[in-house]
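J.: Protein sequence lines correspond, in order, to chains A and E. Positions in the first sequence are counted from 1; adding 541 to them yields this note's numbering. Positions in the second sequence are counted from 1; adding 16 to them yields this note's numbering.
Please keep in mind that the hints were generated in silico from the structure rather than gathered at the bench. The beta carbon of each residue, even a glycine, is placed where N, CA and C say it ideally should be. Be a bit skeptical, because a hint or two may be false.
Not the full set, but computed from the structure, chain A residues with beta-carbon under 7 Å of chain E [unchecked claim]:
{"id": "1", "residue": "549"}
{"id": "2", "residue": "550"}
{"id": "3", "residue": "552"}
{"id": "4", "residue": "556"}
{"id": "5", "residue": "560"}
{"id": "6", "residue": "690"}
Chain A is faced by these chain E residues, among others (derived, beta-carbon under 8 Å) [claimed, not checked]:
{"id": "7", "residue": "31"}
{"id": "8", "residue": "80"}
{"id": "9", "residue": "82"}
{"id": "10", "residue": "83"}
{"id": "11", "residue": "159"}
{"id": "12", "residue": "219"}
{"id": "13", "residue": "248"}
{"id": "14", "residue": "265"}
{"id": "15", "residue": "268"}
{"id": "16", "residue": "272"}
{"id": "17", "residue": "290"}
{"id": "18", "residue": "291"}
Derived DMTMM-like pairs: lysine to aspartate or glutamate, alpha-carbon spacing no greater than 20 Å straight-line [stated by the list, open to error]:
{"id": "19", "chain 1": "A", "residue 1": "724", "chain 2": "E", "residue 2": "189"}
{"id": "20", "chain 1": "A", "residue 1": "724", "chain 2": "E", "residue 2": "26"}
{"id": "21", "chain 1": "A", "residue 1": "836", "chain 2": "E", "residue 2": "26"}
{"id": "22", "chain 1": "A", "residue 1": "630", "chain 2": "A", "residue 2": "603"}
{"id": "23", "chain 1": "A", "residue 1": "836", "chain 2": "A", "residue 2": "720"}
{"id": "24", "chain 1": "A", "residue 1": "724", "chain 2": "E", "residue 2": "148"}
{"id": "25", "chain 1": "A", "residue 1": "930", "chain 2": "A", "residue 2": "916"}
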Amino acid sequence: MQLTSGSLRAALGSAVSALLVPALAPAAAQAQTQAGPKATDAATSPDTTTWQAEGAVLLYKEGAGRVTALEPVVSLRRVDGNERAWGLKLTLDALTGASPNGAVAQPGVQTFTTPSGKSTYSTPAGRMPLDPTFRDTRLALAATHERPVGAAARASFGLGVSAEHDFASVTASAALAYDLAQKNTTLSLGVALEADRIQPEGGVPQGLQAAGPARASGTATRQVADLLLGVTQVMNRRWVTQLNLGLGRGTGHQSDPYKVLSVVDGTSGLLTGDRLVHEQRPEQRTRVSLFWQNKVHLTDDVVDASYRYYSDNWGVRAHTLDLRWRSELGSGWYLEPRVRLHRQSAADFYRPWLLESTEWDSAVHRTALTAASADPRLAAFTGRTLGLKLGLPLRRGEFAVRLEAYRQQQRQPAFAPGALRGLELAPALTAATVFVGYVRPF
Amino acid sequence: MASPCEVLLEGADGHMARHLSGLAQAEALRIEARYSRYRSDSLVAQWHASQGQPVELDGESARLLDIAERCHALSAGLFDITSGVLRAAWRFDGSQQAPEPAQIAALLPRVGFDKLRWQPPWLSVPQGMEVDLGGLAKEYAVDRTLALLRQACACPVLVNFGGDLAVSGPRADGEPWQVGIAAASPAAAPGVADTATTVLALRSGALATSGDAHRHFTHAGRRYSHILNPRTGWPVEGAPRAVTVAAPTCTEAGLLATLALLQGHHAQAWLQAQGATHWVSEPVTEESTTG
Chain A
542 MQLTSGSLRA ALGSAVSALL VPALAPAAAQ AQTQAGPKAT DAATSPDTTT
592 WQAEGAVLLY KEGAGRVTAL EPVVSLRRVD GNERAWGLKL TLDALTGASP
642 NGAVAQPGVQ TFTTPSGKST YSTPAGRMPL DPTFRDTRLA LAATHERPVG
692 AAARASFGLG VSAEHDFASV TASAALAYDL AQKNTTLSLG VALEADRIQP
742 EGGVPQGLQA AGPARASGTA TRQVADLLLG VTQVMNRRWV TQLNLGLGRG
792 TGHQSDPYKV LSVVDGTSGL LTGDRLVHEQ RPEQRTRVSL FWQNKVHLTD
842 DVVDASYRYY SDNWGVRAHT LDLRWRSELG SGWYLEPRVR LHRQSAADFY
892 RPWLLESTEW DSAVHRTALT AASADPRLAA FTGRTLGLKL GLPLRRGEFA
942 VRLEAYRQQQ RQPAFAPGAL RGLELAPALT AATVFVGYVR PF
Chain E
17 MASPCEVLLE GADGHMARHL SGLAQAEALR IEARYSRYRS DSLVAQWHAS
67 QGQPVELDGE SARLLDIAER CHALSAGLFD ITSGVLRAAW RFDGSQQAPE
117 PAQIAALLPR VGFDKLRWQP PWLSVPQGME VDLGGLAKEY AVDRTLALLR
167 QACACPVLVN FGGDLAVSGP RADGEPWQVG IAAASPAAAP GVADTATTVL
217 ALRSGALATS GDAHRHFTHA GRRYSHILNP RTGWPVEGAP RAVTVAAPTC
267 TEAGLLATLA LLQGHHAQAW LQAQGATHWV SEPVTEESTT G
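With the rest of the complex left out, here is chain A:
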């Protein structure tokens, strides 16, 4: 070697620095070089932002000519190099079909006037009255933002608007998740606010008033505030558990402007007196929910088991059990069967009908009740869902298909008077759901 040992290393070091200059040679290299060029910062930082696009379509169809819903969703998510995420989601909900209007079945044909008062519809004898003019298109836009806060916490924010021809809603939410114990424990606190404006066809009816042309104001408002407290704990290498406590309070107009109750004779069971009365729900709803979820990672498969307890001051108590088993089929394919069981008790003011004289006095068009509703969603019922989801990996992204069958059963109301005793007053509801979704990063 012509060069001395020290100068060979120096020459080599400086030659390497010249090679790596555009790639930012590490600072340590400069200590070795004596006359080498300084490593300069790259003119522009490479873009480390990642994007993810998701498109999905959901088709929901109830049996017996009831509701059919088509819901396409498109969402976009952007995550930058500083772990800050932005998301945008557009949802379109097209609903058609018929929905129960709250009236009870009768042995003869019934004719109802639509809420707008412009037309009428008939219900065949012995059938549960369904309003077939239930048709709406809803558009919703939601924006989310997440960012790290300090070294151990993450904040998320959400803003949403939703509109359909008779209903508009604005939501805002904020949550903070705080990690402890090397991220084995996460505490979270969240707040969500919602403000709704209801502008029903035919105006906002006065509750517990005989159904007729006279209407009160054209719009009503409703506000909901929710608080969520949660703790997520990694129990061991294979098991993560989460417990959430939700507290919510809704004020304002809670009643459904399109729903009525039938006034029936206590002996014959036939429509009598004022015949149809607008429903009325309390102006305030306070709810508590407890949600416990577990995810267990078996050798390859993942089991997701959750239980939810719900209780509110309307008297509704519900238990929901949801079990999912994600079975890995290899090469990224998976099959996920699902079972969901739901049971709820009726609201205190739920009445399948109003009995003339005792629950409604047609002579004075009044009732002693402060609230009454025949909405089947406030009745006591059990719901069972069986579903299967298939996931297919693609070269970029994932494709998923989900099929679900739902059956809801309500017990036949007790003490049905007269003619009602022979009718099917609470038919079971069946529904099928098909979901197709595609997620793609880019």
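With chain A fixed as given, assemble chain E onto it according to the hints.
T.: Relative to chain A, chain E alone:
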């Protein structure tokens, strides 16, 4: 790269990990596509196809040629990226078959960095000559990949392309990365003891390993490494089976390791003289059975 490549990250979430490994893979594939001698669509293949006409090199290729020229000068001609054509004569599978001297003599005129015309950015590769950047490309890819990942994420990262590796700094808790150097012991070689794996603690900088025990040649009782002396056309004699060097960059470590092996018997002494941190596997001295 013809070897398993991995990226180790500390403290990144799944999303960042996928992003960083995507960056690493893209960079490795980019460099391979440009400089691999096995690809007919690489830049190097284009230089060979130019039939002696000058080709204008882009910035990155020019810098690689510059460092090859520098190392050629620093090693007094032992480091030569045109020596790849000598592969045609040698089969490094442990066989005892030496090529005919005439074979070597026919290839030598096609070897010699001085025969290239390198006037940046113009390179002329005479007909019949080949440029082989294999001794540079992998270590260079490690340094480039590490720089890209450091720009993308502040988390501690280790880039390892088939044993040539570099780290961004110590691990999250300040502790060094634990790197094991496994000395391969060919089962069939007599008189070879299994050398234990050495574990190094690496806080910063890079490691490169040169040498492969399976690619050696035995002739007349002597073991030759697969590193060829471009002046004689014969393999360098008596080099250690493997040399691992630590340096601030992987490229520098790799060049030091290669330059060391070119010294043959004197590899370890040379490394000591350079003040380079190094580990050398025991050179095996095979007893000649024929005396």
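J.: Does each hint hold? Answer for all of them.
T.: Verification of the supplied hints:
no., hint, verdict
1, 549, "6 Å, holds"
2, 550, "5 Å, holds"
3, 552, "6 Å, holds"
4, 556, "4 Å, holds"
5, 560, "5 Å, holds"
6, 690, "15 Å, violated"
7, 31, "6 Å, holds"
8, 80, "7 Å, holds"
9, 82, "7 Å, holds"
10, 83, "5 Å, holds"
11, 159, "5 Å, holds"
12, 219, "10 Å, violated"
13, 248, "18 Å, violated"
14, 265, "5 Å, holds"
15, 268, "4 Å, holds"
16, 272, "7 Å, holds"
17, 290, "5 Å, holds"
18, 291, "6 Å, holds"
19, A:724 to E:189, "15 Å, holds"
20, A:724 to E:26, "14 Å, holds"
21, A:836 to E:26, "24 Å, violated"
22, A:630 to A:603, "26 Å, violated"
23, A:836 to A:720, "18 Å, holds"
24, A:724 to E:148, "49 Å, violated"
25, A:930 to A:916, "31 Å, violated"
The structure does not agree with the numbered hints 6, 12, 13, 21, 22, 24, 25 stated previously, though it agrees with the rest.
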